[in-house]
Amino acid sequence: MKRRTLVVLSVVLMLLASWTGAEAKIRVVTTIPDLADMAKNIGGDLLEIKSLATGVEDIHAVPMKPSFATILNRADVLLLVGLEVEHAFLPGLLEAARNPKILRDAPGYIDCSVYVTPLEVPTRLDRALGDQHPMGNPHINLDPVAGKAMARAMADGLTRNYPEYEATFKKNLAAYLQTLDTAIARWQREAAPLRGVKFVSYHPDMIYFAERFGMEAAGTIEIRAGIDPTPGHIAALEERMRREGIKLVVRERHYPASLAETIAQRTGAKLVDLPAMVGGVPEARDYVSFIDYNVRTMLKGVQGG
Amino acid sequence: MPLATPSLVPDMVLGMLGRCDEDVAEEKRMRSIAQVLIVGMVCLFSTQAFAQGTPGPTRTPDASAQQLRRDLEIMKEQMRQMEDKIRQQEEAIEKLSPPAAPPVAQPVPAPPAAGDREQLKQEVREEVLRDIQPQLSAASKTFPSQFNPAIGLILDNVFSYRQHEGNNFEFRAAELGLSASIDPFARGYAIITGSSDNGLSVEEAALVTTSLPYNLTVKGGRFFADFGRLSKFHDHDLPFVNRPVVLDRFVGGESRADGVEVSYLLPIEQYVTLTAGMYNKLGAENDRVDDTVPRDLGEFTYLGRAATFISLSDAHSVDIGATFAYTPRVKIDQSQDRYLAGIDITYRYVPLSQAAYRGLVWGTEVLFNRESRPVGGFPTDPTAPPPTDFKRNNAWGLYSYLEARLSRRFYPGFLFDYAQALDPGIGDTKAYSPYLTFWLSEFQRLRLQYTYVDQASTPQQSAHANQVFLQWTAILGSHVHGFRDR
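Protein chains in written order, with the working numbering: chain V, 1 to 305; chain U, 1 to 486.
It is possible that some hints are incorrect.
Pair ranges (Cβ atoms, derived) [claimed, not checked]: (1) U/His464 to V/Thr123: 51 to 61 Å; (2) U/His316 to V/Glu283: 36 to 46 Å; (3) V/Ala167 to U/Ile345: 46 to 56 Å; (4) V/Pro282 to U/Arg80: 58 to 68 Å; (5) V/Lys170 to U/Asn148: 35 to 45 Å; (6) V/Arg160 to U/Phe171: 47 to 57 Å.
No wet-lab data here; the hints were simulated from the structure.
In this text, a Cβ means the ideal position worked out from N, Cα and C, and glycines have one as well.
Produce the complete structure using the sequences and hints provided.
Have a look at this one:
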């Protein structure tokens, strides 16, 4: 009888230990998979990470699912890209999630853009200029150097919330930045043929990538950010492409293929399809392979093959 | 080239420090460049700060404050990068330097001591801060206005043709929305509407808690009670031109209510919310009782609602809700009680990678009403004697619509309406409405709808009517993608 009691007691204790062990993990919710991958590199086993977006979405149109509210309700910290890129779904979800720990300006609300110098900060805010982002172009995750700044902001944010793990975050961050530095040096070498290449994209979200690798974003299929094209705009765009010899059209994979294909065909340009986030294509498994995929795909578009 | 800005400054300071071993004149030149760049940065900051500070269609009221905070964060990061680079450069110099300096023909200035370098860094830092500080202070002067609520205005106009009635330009609403945080514990919002029907009215003005424990939220004031799905939508947010007949008739238009509501999100993985509410009455056009008349506890309306969300796959999902509203005593109905219950189901197909371009929504609500009503209805003539022949009457109705998203611009749909009359002795109503919504942008929309109404004929209205509507709706200024209107 005593032995049975002991066995039951030890099983209960083991269960309790495993339960408390599971509970000890910091519950991190990220808006996009890029941040989830960075968090995995910085926090390792300390974190239990969930991403709201899977990577195939348009970050401006991630569906506002109620199931996301329950995920956010249980989060200890929220990692977001920032610059209001999650404007279409995050404020509404935070309202529904009822978690004061991750509300805007709470310590658990970690904006990963704070160390990035935004491009295209509007000097005038007017809806006539499209769906503007008052704090600048928010598609920073496409630039690996901005990615480093995002990782640093993330590590600092996690340290603010969990100073007891500062050494771990710092050590992991240093290793991750080293990985990114090595990859960036490689990308800079590989992407040399992209320098000076003009291209047209569907949405103005390739600007950081273009700046990093010396390309020139020469126009968008959208009239302005978030505004679908009209026939007149397409005609003017095609005319400009012919005049300026623009031979590359980039379609972010969450935008319709047919129009981008038509424009490419009519202007004799090469069409490349690029993901805008980790997970956008099967090859983009993590942040490094995501940038890798984009650099290689862009190179194929420029060099042919 | 804004991207060059952060790297130029550290490189410049680095160069200044690296070469100061060789040439003080070079150092001075670099310092001048630094000053020019710093002034340039300050101008950039101030331009942005003032641009953000201008009242306009900003998404958040504190955009300027955030911009300044961001600028400061970037400054700090740049300072940190400068220090890192200086340190790395010093290390590199030390590694490259020969163990003993060879004799040189001409004497060079002695390298500054570590203390001098620190002093130089300190000077640069102070210079930056000294130049930036007045600009920050100037920008701060706009902060009081930044506490003003976010403001948005919605304009909703309809040109209508109604058989047996005629044509009309209907100014449906100019709806002013204000919203802001109140303090760390609550936020507030108000929707003030002007329309040709009702003049100026407060549609909503409510306080909502933001940091209650145990997943609780309390809402108080005037707001749209948590009854069903589309009752909580403002007219211009509906997927079609007119509110379904069953909602107009049973709820009384929008579910506007003066009262208090507590809602609870269950702390489980499955999304389930429970709501309890107590109101003067339910429905903006519910004329059973006036909002201004004091009443016994038994004359309030009490509401309970449960709602959940079932994810069938990444792209397919169903929202289900059930609501029950109970009024123990309705004076106008001979002080009998009233039940109003509803079930709402919304199926959505939203392909993740094409969410803005493809999709399908099927929404249905079924309502049931039970109360004592006069046979033949209340007299429309206010001077007529009050009715005496009341009967306990059950009535039900539903609407069901299917809407497809064919592109970012075109949303065709079809709405079916069915509603029995609340009063005994009056026939029911059916309506069929195909419609097409054309989104010029996220902020402007045109909608064309045809409606065929089949209803019980009365001296005031004929049995059948064709109706055509052309609606033009636009949003000015601040807008939010609220969870309620999803």
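Hint by hint, here is what the structure shows:
Under the hint 51 to 61 Å, the C-beta atoms of histidine 464 of chain U and threonine 123 of chain V, about 58 Å apart, fit the expected range. Range check, histidine 316 of chain U to glutamate 283 of chain V: about 27 Å between beta-carbon atoms, so the 36 to 46 Å window is missed. In this structure the hint that alanine 167 of chain V and isoleucine 345 of chain U lie 46 to 56 Å apart at CB holds, the actual value being about 52 Å. Remark: the range hint 58 to 68 Å for proline 282 of chain V to arginine 80 of chain U is contradicted by a beta-carbon distance near 38 Å.
Judged by the Cβ atoms, the range 35 to 45 Å given for lysine 170 of chain V and asparagine 148 of chain U holds: they are separated by roughly 41 Å. Range check, arginine 160 of chain V to phenylalanine 171 of chain U: Cβ separation about 52 Å, and the 47 to 57 Å hint holds.
Figure legend: structure checked against the earlier numbered hints; hints not met, in rising order: 2, 4.
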